[in-house]
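Chemist: Chains as they are written, first to last, in the numbering used here: chain V, 1 to 258; chain P, 259 to 660; chain B, 661 to 987; chain Z, 988 to 1273.
It is worth saying that the hints were derived from the structure and are not from the lab.
Heads up, a few of these hints could be off.
[As the list claims (entries may be wrong)] Chain P is nowhere near these chain B residues, computed Cβ spacing over 10 Å in every case: (1) LEU689; (2) ALA775; (3) ALA822; (4) SER851; (5) PRO976.
[Unchecked claim] Covered by chain P, according to a simulated footprint, are these stretches of chain Z (three or more residues, beta-carbon under 8 Å): (6) 1050-1061; (7) 1255-1267.
All C-beta atoms in this analysis are idealised placements derived from N, C-alpha and C, irrespective of residue type, glycine included.
Each chain is listed here by its residues.
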Amino acid sequence: MTLLSVEGLTRRFGGLVAVNDVSFTVSEGEILSVIGPNGAGKSTLFKLIGSFLPPSAGRVLFEGAVVSGLKPNQVARKGIVRTFQETTVFKEMTALQNVVVAHQLGVTASPLGTFFSSAAARADERRFRDSAAEILDYLGLGHVKDVEARNLPHGYLRALGIAIALAARPRLLLLDEPFAGMNPEETDRAVAMVEGIRKRGVTVLLVEHDMRAVMRISDRIVVISFGSKIAEGSPEAVRADPAVVEAYLGKDDETIGH
Amino acid sequence: MVNASRRSVLKGAGALALATTLSTPSIVRAQEKALRIGQLGVMSGPEASWGLVNKYSALATAEMWNDKGGYEIGGTKYKIEIVSVDDRNDPKLTVSGAERLTGSENIRYFIGPNTDTTATSVRPIAEKNNAIYFPYAFARSLYTKPAENAILGMIASYQVAPIMYQQLKEQRGVKTIGFVARNDSDGLLQRDEGVKVAQTLGLEIVSSSDTYEPTITDFFPVMSNLVSLAPDLIVLSSAAPAHAPQMMRVARELGFQGLFACEAAQDIKIINEVAGEYGDGLISIGGASTPEIRSPYMEEFIARYTKVAGEWNDEAGTKAYALEILLATLAAAGPEAIDDIAPFKAAIDGFSMKNPFLKEESQLTYVGTGDFGQKRQIGVPMVITETKGGAFTTFAISSVAS
Amino acid sequence: MAASLDAIAGRAPERMGGVSRVLLTLLPLAAVLYGLIPVLFAGQPYWLNVMTNGAVLSFASLGVWLTFAIGRVNIAQGAFALLGGYVTALLSTLYGVSFWLCLPASALVAALVGAAIGWPLLRLRGIYFAMVTLSLTEAMRLAFLNAPGLGGGGILNIPRPAGLDTPLAFYLFAATLLLAGYLLVWRLATSRIGWVFRSMRQNEELALSIGIDVARYRVVAFAICSAMGGVAGGCFASLQQNIYPASYTVSDSINFMLYCFLGGLDFVLGPIVGTFGLVIAFELLRSIQEYQALLYGILMIVVMLFLPNGVISLFPLLVRRFGRGAS
Amino acid sequence: MEQILVNGTILAANYALIALGITLIFSIMNVLNFAHGQMFMLGGLIVYYVCVVLHLPYALALIAAVVIVGLIGMLFEDVFFQRVMRISNREENTMLLAVGTSLLLENAALSLFGEKQRAIPPIVSGVYRIGNAFLPASRALVLVLSLVLIAAVLVFVNYTKTGRAMRALAQDRTATLLMGVDAKRISTLGFGLGAALAGVAGGLLISISGVNAGIGTAISTKAFIMIMIGGAGVISGSLLGAVVLGFAEAIGYALIPGSVTYLLIFVALIVFLLFRPQGIMGKPAA
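Bound-form chain V, shown alone (with noise of 0.2 Å):
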């Protein structure tokens, strides 16, 4: 069943054309991975997609409606929650506070009812703390739960990242380079938690650089170079695909799977 499908996604800064007509789908389960270069336009179209810029022209539409247009805060609300890339978190929060302020979404409580701590107030926040001590466990992240993160060591800067998307109830997680700067060690943790998050029932779409990973944990990826989509199918097929190879070559540091 289609999650998500872009169709014709287009956007242009200026004269120059970033994202040039693309489209795909992403089916309800899977992980799926865009792929491309430096510079291939990866980062403006997963904006594009988490509505965190109006696209030129084409459409997103996320279980047949349409959701390019809206604000990312209403994305969010159907169910697309994106991550950034590095350490983009609450720096001044504990990881605790982190991923509870993250569950804004889930709160049933009424404005006024929050102000005046009324009694489904009390009960939210007593359930976003359990999920929340969850979703960190689960992501590894138990022991520091009360480390302001601003003084977490670096690795776990992303898995918390990660842990405020889930706290969002995402039907679609979108994931913003996981992998980069990981040696393989650190990736290996970082693939196991991408799957154990499909297998929490949420569909993953990422956009990567590393190929090694992307290979391991993709059921499909999207190829893009120069704004274009070159090619779309399993990583067998994308790795045999000549086009890719002719989009990668003579990047000494890229090696395309293994």
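Chain V is already provided as a structure; the job is to place chains P, B and Z on it using the hints.
Modeler: Structure of chains P, B and Z alone, referenced to chain V:
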């Protein structure tokens, strides 16, 4: 409370401790009686000069009397002590400052404040605490019944304008007139009043829409318009002593040949510094400071003011009167007026003294019946001056109708 | 001890019951406002007036603190105080509306204008927002100065509020207002709404990504802030019985911001401590006359040099140093 | 019409010196220098003191203003700002410090130089005519001096080693630190240069109009307007901001009732920022 906390205060914040230590009022020797007079006004920030001139003037007068052993009221000599409060031209601080003077310090008479905004804020406090105050602000409601505790310390612009413009029309053949006003409440009001006067006198108003921000640094753009219309007279409504000379210089540099007029007091030193060779031809109001008409007492006041403030300021020529007439009225009303303003108010109507600042024999009284329906203004002689060769010269002498 | 300090600092521990937390937070402030200050100054209208100023200014600063909480440096509070002052002045002098109705009207108008202006402006961040709000203060002053029908802009003879004839009565009213404002902001800051504000301050995009309607929360915070400024302006207009375009200028707006900084941005009590600290310090420094303003500036720098996170940040420091030794 | 052009040019040149200084400080330190107007005022009053009280030549007075105000800027940076930036939780806290220093300077100036408006006798006299416009020689001199100074500063930041280091520090602090630049020294120098520019602007202005101790806040507000128009932290933007404000003022005063000019400038500024929050030349926010 002060004693108990002194230690911790010293430990905590040195500056505050210093203040606490210094806050013990300077104690006048026990055998002498002290008469404490307040002064409330803006003494820091952009308008600092307005209140500081009041303060220095009051201090100068007080010192002059104290050197003579004090001021005699009902057979007793009183040393005069000036209690100054800075309101930073902030109505919130004026209100608490007035409470401080009339409440905590128990002072019944004070000089200031300096603007409509602050003076009208003081009114409820002064009336509640039964105090008389001498504002340098023109708002009519301060001096018109039911208000009766404020006494205007100078001549209002709307009193100067009719006489000044008429004299200029008759003596200098002024036919066309242009206005440029400070863009604040005082400036716009004074301009509107000036325009009315000019219309009554049948002068042709070439322009009255030019204004400038009080924070301006360059008058070139402001004056260009008006000068191109070449009126016989440019009125600088509510121009501060800091600004009038700049406007004159710019207008002259732009080729202006006519005269300037300003209903507020100016300062010749600033005019000479700022306008230099272009400083001639300004008609303004000048108190008793032109050399031809000064009495020796005025010379003494100027010398004392210079000692207190570091340098003379011509604005003080109009501000010399407040404390002098206040003391003389107290003497006339008797010692009980020191703590009760009722006898003071009763003495106002019939009060008269020789004007100590003028060479010529003339009387100093309270006036204002014409404008306010009661005598709530010091009858400062209206000395209209003209700048000529780097000095104020007397252009015309008049007075406010009683 | 530590618990009550936490409460004082607006960070009541969450494990406590709701009612006792409210009490613990409010009681110390209420004790000072209703107990200490009236007992010390009951017979001294001057000090009562200073305390009234402190209370009403604190109320407005609490609003500014709220905009700090969402990560915006707000230098527009003077504009809203001016607006609120004019609303009260016009309603009471033209239509004879009672002070007790003027005040909510001031709040409402200021909130509506705040929301209307804030909606687009709050997209700006950092010094751009700071500077644009500073411009707003100037624009508001100039607008009233040039408003047709106001003739130079001043409104005089605003009636004094019925029932608040004595300085003590007005002070007690101001104290109650402040206490209510404190309760409001403290509840906002400690409830989930406060956490949402904090998340927006720390990272607006991340807050958006988890479904927080950042734009709406920003406008709500700014509107509440503006309403508080409007109420303060209405109070001062009645206290001084007049309002002029120059009653609130850029320096007032800057002062509101300074009070928050000085007290400490991390504490709801910060703006109150900062306001009273500076207002009282200025009055105490009066006796040194011409150096008053100079020392006032030095004092500010000294606080910043040694307590850059505000005066209240001293308490956690002390607790850490001495509390540990004791327990 | 020609007069508007002349007026705008003179205003723009003087404003440019102010804007350049505050931009340098902002770009290097990320501090909004609320005391900039006070530094301007101080520069003017120093020139007054040296010229009128000490009877020394104007050129010497101008140099004194540059040196003294520059040193004050460096002192503030070294003693106050570096410490507060190091130990404070939030960046905004430096704003309080900047306001504190502005109060300090203003009141120190009030105590030292008095409350009066100060000006110095004209350096040169005479008036040029350009078409229908008047250009007094004193203003022409100030205009030329301002342009020379602006050019000198541009040359300094673009072509000298220290100047380049300042620009690098402004663009990317971390990277510049990695390159082994002594950031502390460069920051102090940059703050000093910014302050000195304010001082010299004040020193130039006092020769054509005048300065008083209370003028600071107004100048700072104008400086803020200029960097908002041009884009915070961008040198070319600050110059453009000065030109826009200078001409807006000149045109406004000439064509519309004066009292509305600044109201319109503020409203236009607010509206402009809505559409272009980063100013004309500023980098768009990420």
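Chemist: Look at each hint and say if it fits the structure.
Modeler: Taking the hints in turn, this is what the structure says about them:
| no. | hint | verdict |
| --- | --- | --- |
| 1 | LEU689 | holds (20 Å) |
| 2 | ALA775 | holds (27 Å) |
| 3 | ALA822 | holds (15 Å) |
| 4 | SER851 | holds (32 Å) |
| 5 | PRO976 | holds (17 Å) |
| 6 | 1050-1061 | violated (count 0) |
| 7 | 1255-1267 | violated (count 0) |
Of the numbered hints given earlier, the model fails hints 6, 7; all others are met.
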